[in-house]
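Residue numbers for the sequence shown follow this note's numbering, so the first one is 85 and each next one is one higher.
Fair warning: there could be bad hints in the mix.
Here are the simulated SDA-like cross-link-like pairs (lysine to any residue), alpha carbons at most 25 Å apart as the crow flies [to be verified]:
| # | residue 1 | residue 2 |
| --- | --- | --- |
| 1 | Lys469 | Tyr505 |
| 2 | Lys1126 | Glu1070 |
| 3 | Lys734 | Arg805 |
| 4 | Lys1035 | Asp1049 |
| 5 | Lys304 | Glu586 |
| 6 | Lys463 | Lys734 |
| 7 | Lys877 | Tyr867 |
Quick list of the computed label-pair ranges, beta carbon to beta carbon [as the list claims (entries may be wrong)]:
| # | residue 1 | residue 2 | range |
| --- | --- | --- | --- |
| 8 | Gly604 | Lys734 | 32 to 42 Å |
| 9 | Gln829 | Glu609 | 27 to 37 Å |
| 10 | Ile803 | His756 | 17 to 27 Å |
| 11 | Ile803 | Thr1114 | 30 to 40 Å |
| 12 | Asp259 | Asp508 | 18 to 28 Å |
| 13 | Asn774 | Ser215 | 31 to 41 Å |
| 14 | Gly589 | Lys798 | 52 to 62 Å |
No lab work stands behind these hints, which were simulated from the structure alone.
Glycine included, each C-beta is placed from N, C-alpha and C at the ideal position.
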Amino acid sequence: MYYILWWRWWRDGTYTYYIIMCITHSVRRQYSVMVVLPTGMAVRTVASFDRSPSRVVRYRFAAAVCVALCALLALTTAAAAAAADLGSSSSGCAPKSCNAIDPNKLNVHLIAHTHDDVGWLKTVDQYYYGSNKAHAPYGVQYILDSVVSELLKNKNRKFVFVETAFLWRWWEEQDEWNRNSLKMLVNEGRLQLLHGGWVMSDEAVPHYSTLIDQMTLGLKFLNDTFGECARPRVAWQIDPFGHSSEVAAEFAEMGFDGLVLGRIDHEDIFLRKSQKTMEMVWRPDVNIGQGGELFTSVLYNLYVAPEGFCFDAFCNDDPILDNPKLHGYNVNAKVENFANHVQRYASAFKTNNIMMTMGGDFSYSVASSWFRNMDKLIKHVNILKPDLNVLYSTPECYLSALQMSKNVTWPVKDSDDFFPYAHDEHSYWTGYFTSRSNLKYMICKANNLLQAVKQIGSILGGDLNEHVKLLAIAVAQSQHHDAITGTEKQHVSDDYALYLDEGIGESQKVLTAAYRKWFGKEFPEQQYCKLLNISECDVSENNSKFVITLYNPLSRPVTTPVRIPVKYADYKVTGPNGANVQYELVFLPGQIFRLGGRTSNATHELVFIASEVSPLGLVNYHVERINEPEPPPRPTPHNSTEEVTIENGKLKIGFNGTSGLVQWIEQNGTRHQLQQNFFFYESMKGYNFNADNRASGAYIFRPTKNQPTVISEKINLTIYRGKNVHEVHQSFSSWLSQVVRIYDQQESIEFEWLVGPIPIMEWIGKEVITKYTTKIASNGTFYTDSNGRRWMKRKRNQRSSWNLTLTEPVASNYYPITSSIAIRDAIHQATVITDRPQGGTSIEDGTLELMLHRRLLYDDSQGVSEPLDENQYGEGMVTRGKHILHFNELDKAAKAHRLSALHTAMQPVVTLAPTHMESNEWVSKFSATYKLLNNSLPLNIHLLTLEYWRKNQVLLRIEHIFEKDEDRFLSLPETVHLQQLFSQLEVLEYKELTLSANLAKADLDRYRWNYSDKPQRPELNAPLPDNLLTPMAIKTYLLTVKPR
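From just these sequences and the hints, can you work out the full model?
See below:
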């Protein structure tokens, strides 16, 4: 029984809110306050009590009226909610109103925002919940609670939020009331979900596939949750430590109208402020045309509020005291101070619109403090300064205002990036290109595995998609600009690794389920050997029979070496056709046995060649230990001064018998000089009182002198010449060794180095490098990849946008290497492929230099407050990795390094499983190979993405991996026929999407900008066929499919 006690209504903007207080039971005298909101929730009880009111309307008809009123209001608000339901259809989008600008005034767009690191001083979950307050007192859940509450109070207020990783956590914990409140704010543009990625990624070191994936993951959550009305239009990269051309090109292809940056080099920003070029049209690749252009704005004051106007609970600035009856009235002083800031900002920009960020790291824990003071600031400045118009705004509204400035011609930034970044003359942020080498490697391997399980999961129809998603989230959050960069505290780095480890564990379930679907339920459970990097694997070491399964995630056949740690024994390796496979046992490097924490009993690696593994296909090898004879003694080191050589039919390598170093290579009968050695830079000590006292740290690389120190003058050699592989083991010191190897009939050289623990007995930090020296006349020029994709031309000691003041000759010439670095002349090119991100340079002509590992004793004072001194098992961290060297004639170089870099990033996924079956029984049951593609794609085409999207739909990306004119044949356009692509799926229909997969390509409508230097390439009158790929193009499709 219901009785009305009282009810009240009020309006806020478009909607009406109602409160109804009813007696819910006349005998027990229980009362409820029920609120009807225009967000789809009919009735919400927000309070109940037992106390009897003094007066109650006891007429029975009141019950019917109460219920009828609630029902009526429920229907009314449900209709409004249906119109505003962001998840239903685009037609329900309410216009995102922007507060009015005045064309005759200087418009100051206040951007209320919070910058929330997805891990840095605390782990991502500690930051979300607000725990571990000793490191930072913030909790993002409280920020979102507080902001949503404050925005509901005033329809003119606006706020932007970026990190979807936190929004997802918050959303998962909310009831329908709060969810619908947020939906309303998003739909009206009062809370703008900016950028949209799972994280605000780093731009220097992530692989382009992970950058695309993390953006897609975040934007899919926004689209699924709020609908396409919430699609971000502006990319917000305000804290990364430099900006890449590949990321800019991706943002353009994702459909963003603009990009906002926070950090650029101190000399660059000084010049831009003086020349009013803080905003520009960035063309990262002039061959793309207008589709690849991106309007770019650099913030004046990093991303924080101007001095004196930080109103956060953790700031010390005074609030605005605007009651003249009380002491401390400061409106006039505050307005004058603010107006001075505005004029300073405005002097750096071309139009009568400027952005002013009002926020900072983890701001708005107490949002009322910010909004109440900004309300006052807007009110009083607009009264006292008639030439100013201060307003709540968003970057989307700001760009809309700039579009009205039709007479402005914007400067252009062509085929260039913003690396390296320095904030003063001695602080080059080039150390993080290498920091935490092992975490970088783990992220790369996890991404390699993720691409494989996404492909396999797409065929399973979503049955195990939650397992795939766990790894996808772990990889996505590791792209954060304080994660893969290695610029976080140690316990945070450990947490990223733990998330990755958990995701890798879940992915094994996907592999097992898929293989059992294809081969039968008897197929054994798969185990991904996580410690192969230290030559340890329980399955191969402790089982006399086991099976090795390789899944090839590339869209072309792959022939690849397989190396598995084993005990010394006689083995039998059986291939998928039942034939014996040639194998050999190779001694592990001696330094492996001294690794702390290694519990393996393996002494050798079993090495064989897996031939022609099908594209997106798998193959099995059965291995049986026959007997265990006494192991032979370890080979004795080479003790002669005679030259040592190894060769494989394609390559020959010569080692100096005295020094032990590589000294030449021979190809096609021609000998070329090549030396390779290891050095270290002594790290600068300092307490960071000023620029001159800057220390080398997790972010900053600053050596004490420009010449590195050689690690060893005499190297011990051990030679192994086999059937499949030929190796020279080099021992440089007790903490550094290397294996130089060539596989049979391959034209590249593998350098596998093992570095650490770096000694610090002298209390000197060390930054270990390797240097390759050739006779190539590189003329001060070298080339680095941009996130594993486009080449960037680098000129030593130069910047394209300004005249560089050379204060740090080494650090200022270091650039991020995600996968490749090269030098060339008119005849030859030398290219080094890396297995993880590293810093690299060419300090002298003919040389390539890469930093492998860092151990530092001082912090560089950029916020971490920890020296980069990683430890494991009571000693310094050890890192093991590989470089692949290609030395080619210039016209053959692109094919060699493009395919090699792709293979290194996307290697076959190797899993093992014990078995009791003999090889003949195994072959009879599981001999068939399996593949997802009907045929291989052309060499210049790569299947970048294949993943489950939703029921009967998969997401597909294919890309052209060559640049224009870099190969006579492979740089030509290529056509892919989608209907005939898959062996297990029938493609019923397809639709092309933007790169981020959150908008149909046909619906993309981006802003156009005026600039003087229009592209030379004419725009095509007719669109290209939707399945034709031109150089460097990536096509994204949503496929509707059914099983074949």
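Beta-carbon spacing of isoleucine 803 to threonine 1114 - inside the hinted bounds 30 to 40 Å or not: For isoleucine 803 and threonine 1114 the Cβ distance comes to about 48 Å; the hint is violated.
Proposed proximity, glutamate 1070 with lysine 1126 (alpha carbon, max 25 Å): Holds, because 5 Å separates the two Cα atoms, which is no more than 25 Å.
Serine 215 and asparagine 774 - C-beta distance against the hinted 31 to 41 Å: holds, 36 Å
Cβ distance range 18 to 28 Å for aspartate 259 and aspartate 508, holds or violated: violated, 49 Å
Pairwise hint evaluation, tyrosine 867 against lysine 877, where the allowed Cα distance is 25 Å at most: Between lysine 877 and tyrosine 867 the Cα gap is close to 5 Å, so the pair holds against 25 Å.
Hint check for glutamate 609 and glutamine 829 - Cβ pair distance inside 27 to 37 Å: With a Cβ separation near 35 Å, glutamine 829 and glutamate 609 satisfy 27 to 37 Å, so the hint holds.
Outcome of range test on Cβ distance (glycine 589, lysine 798; 52 to 62 Å): At roughly 45 Å between Cβ atoms, lysine 798 and glycine 589 fall outside 52 to 62 Å, so the hint is violated.
Whether the CB-CB distance between glycine 604 and lysine 734 falls inside 32 to 42 Å: holds, 41 Å
Holds or violated: lysine 734 to arginine 805, with C-alpha atoms at most 25 Å apart: holds, 15 Å
Given hint aspartate 1049 paired with lysine 1035 - CA-CA distance at most 25 Å: violated, 41 Å
C-beta pair isoleucine 803, histidine 756: status relative to the range 17 to 27 Å that was hinted: Given about 21 Å between the Cβ atoms, the range holds.
Given hint lysine 734 paired with lysine 463 - CA-CA distance at most 25 Å: violated, 77 Å
The structure shown violates the earlier hints numbered 1, 4, 6, 11, 12, 14.
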